[in-house]
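So the chains spell out like this:
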Amino acid sequence: MMQPLNRLQMAWRAAQDIREGMLVNLGIGMPVAVADYLKPGLDVFFQSENGVIGVGPLATAEHADTDLVDAGSRRITLRPGAAIVDSSWSFAMIRGGHIDVTILGAFEVASNGDLANWDTRSTSKGPLVGGAMDLATGARQVWVMMEHLTRGGTPRLLEHCTLPLTAVHCVTRVYTDLAVVEITPTGMLVREMLGGMSQAELQTRTGAPLAFAPDCRALLAPALTLAG
Amino acid sequence: MLEGTGNPMPIDKRVSTAAEALADVRDGATVFISGFGGAGFPNVLIRALRERAPKNLTLVVNSATHRYSLTHELIAAGLVRKVVCTAARGHDKEPSPFERLWVAGKIELECVPQGTFAERIRAGGAGIPAFYTPVGFGTALADGKEVRTFNGRQHVLEHAINGDLALVRADTADRYGNLAFRFAQMNFAPVMATAAKLALAEVATVLDEPIPHERVQLPGSYIDRVVAVGTK
Numbered sequence: 000m001m002q003p004l005n006r007l008q009m010a011w012r013a014a015q016d017i018r019e020g021m022l023v024n025l026g027i028g029m030p031v032a033v034a035d036y037l038k039p040g041l042d043v044f045f046q047s048e049n050g051v052i053g054v055g056p057l058a059t060a061e062h063a064d065t066d067l068v069d070a071g072s073r074r075i076t077l078r079p080g081a082a083i084v085d086s087s088w089s090f091a092m093i094r095g096g097h098i099d100v101t102i103l104g105a106f107e108v109a110s111n112g113d114l115a116n117w118d119t120r121s122t123s124k125g126p127l128v129g130g131a132m133d134l135a136t137g138a139r140q141v142w143v144m145m146e147h148l149t150r151g152g153t154p155r156l157l158e159h160c161t162l163p164l165t166a167v168h169c170v171t172r173v174y175t176d177l178a179v180v181e182i183t184p185t186g187m188l189v190r191e192m193l194g195g196m197s198q199a200e201l202q203t204r205t206g207a208p209l210a211f212a213p214d215c216r217a218l219l220a221p222a223l224t225l226a227g
Numbered sequence: 000m001l002e003g004t005g006n007p008m009p010i011d012k013r014v015s016t017a018a019e020a021l022a023d024v025r026d027g028a029t030v031f032i033s034g035f036g037g038a039g040f041p042n043v044l045i046r047a048l049r050e051r052a053p054k055n056l057t058l059v060v061n062s063a064t065h066r067y068s069l070t071h072e073l074i075a076a077g078l079v080r081k082v083v084c085t086a087a088r089g090h091d092k093e094p095s096p097f098e099r100l101w102v103a104g105k106i107e108l109e110c111v112p113q114g115t116f117a118e119r120i121r122a123g124g125a126g127i128p129a130f131y132t133p134v135g136f137g138t139a140l141a142d143g144k145e146v147r148t149f150n151g152r153q154h155v156l157e158h159a160i161n162g163d164l165a166l167v168r169a170d171t172a173d174r175y176g177n178l179a180f181r182f183a184q185m186n187f188a189p190v191m192a193t194a195a196k197l198a199l200a201e202v203a204t205v206l207d208e209p210i211p212h213e214r215v216q217l218p219g220s221y222i223d224r225v226v227a228v229g230t231k
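Those protein sequence lines, which keep their order, are chains A and L.
Residue numbers for the first sequence follow numbering that gives the first Met the number 0, beginning at 0 and rising by one.
Residue numbers for the second sequence follow numbering that gives the first Met the number 0, beginning at 0 and rising by one.
Do not rely on the hints blindly, as some may be mistaken.
To be verified - Partial list, computed: chain A residues near chain L (C-beta under 8 Å):
#: 1; residue: G50
#: 2; residue: L67
#: 3; residue: V68
#: 4; residue: I83
#: 5; residue: K124
#: 6; residue: T161
#: 7; residue: T165
#: 8; residue: A166
#: 9; residue: V167
To be verified - Now the in silico label distances, taken between C-beta atoms and shown as ranges:
#: 10; chain 1: L; residue 1: F149; chain 2: A; residue 2: A210; range: 30 to 38 Å
#: 11; chain 1: L; residue 1: K54; chain 2: A; residue 2: P39; range: 56 to 64 Å
#: 12; chain 1: A; residue 1: T153; chain 2: L; residue 2: V102; range: 26 to 34 Å
#: 13; chain 1: L; residue 1: K92; chain 2: A; residue 2: A226; range: 21 to 29 Å
#: 14; chain 1: A; residue 1: Q140; chain 2: L; residue 2: G229; range: 41 to 49 Å
#: 15; chain 1: L; residue 1: K81; chain 2: A; residue 2: K38; range: 44 to 52 Å
#: 16; chain 1: L; residue 1: T16; chain 2: A; residue 2: T119; range: 25 to 33 Å
#: 17; chain 1: A; residue 1: T119; chain 2: L; residue 2: T148; range: 25 to 33 Å
#: 18; chain 1: L; residue 1: E109; chain 2: A; residue 2: T161; range: 19 to 27 Å
#: 19; chain 1: A; residue 1: G195; chain 2: L; residue 2: E109; range: 44 to 52 Å
#: 20; chain 1: L; residue 1: E93; chain 2: A; residue 2: N5; range: 53 to 61 Å
#: 21; chain 1: A; residue 1: G55; chain 2: L; residue 2: F149; range: 36 to 44 Å
#: 22; chain 1: L; residue 1: A103; chain 2: A; residue 2: A58; range: 38 to 46 Å
#: 23; chain 1: A; residue 1: K38; chain 2: L; residue 2: F149; range: 35 to 43 Å
Calculated from the structure, these hints are not laboratory results.
Computed from a predicted model, the values in this text were never measured in an experiment.
All C-beta atoms in this analysis are idealised placements derived from N, C-alpha and C, irrespective of residue type, glycine included.
Between the sequences and the hints, there should be enough to build the whole structure, so can you do that?
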């Protein structure tokens, strides 16, 4: 069996599905790497919840400006054609269905599209919901990037989420280190899976019934090395 | 104003210090604090509020724990009874001042999805007492809230937030209280200023001339006092 994808390869794979002209919101953490792997020549606007429409590359130390940041507090630049609005407008854009796709990290996704990505039920750490519920509810498509299994080896793709929900019936596609899974009205449909892995092997790593697309392909990504 | 008499008290919202701007803040106030992602934190006003030390405050702030905001100083000083926010998680291994009080049951928390947070404040300033939103439906943050179906989709009733005081940060102001922001400084400032009885702005510079109308991002009619604090 081929090596599972690393996080950069998962980001690369998700990036291949972004289309010309889309307005895209990338979740804080792992999904921001998607911006680095767009197909060459593709013109896309990235929105950040803090009101920036047209997030450009990260600023160099020399050009970093504490007032020019994204929702993850990263010092950014603006791309040509960028605009900045206030938070209520930014979230009206999100809630109102004007974001084509948001790509979010997650703990669990259920067969019906339910998403759990915000609360791990810690009693010592304060809660952090941020814009996760708004993005999951409002974006036209919600793509999730996450490892297929938890660190403890249990499935993250489930019949029902066990962790507190972020939003119901929202996820449309999941990119894992083992597969690309579409969430359909009838459940999970595998579009791509790691070369050399059998359907039965993927099913044992998944906590919900899988269907396999007739044209299910090998999940491929170029070699990309995680820094550090 | 009678014609030809001149106006003896033309509008001038400039004050010389943050302490002066906060002179009539009372115990029990509901205080909006702007800022997000490192941009637009009114840290001079926050520090002055801590020094004035009104008690039993309710803070309405995006994050109770952001490392670049001085909000944590108000919490650590024991001035805060309740926080309404979207993020309350510390960044370090050691718990943040908020988390320490929260775990001990000494501070109340209302955690709100960020778009709902912004819209509840916008509603407060716009004369809308409550509204339905799809966000939060089916989650723990909608527990106990009224649900209603529109167009086949379930929505949660959310109530407006109004407050006594708003602290915001902008780049420039003029004597009329008009504000212009740098880059992502704006975030929650416009809605917070509209929903507060008293709205205070700290800015890098107060201009002598009015800000040209097309550059005004928040009309001065929403701002009561401005104080120039430089770029720090």
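Practice item. Kindly indicate which numbered hints from before are broken by the structure, ordering the numbers from low to high. Key: 6, 16, 20
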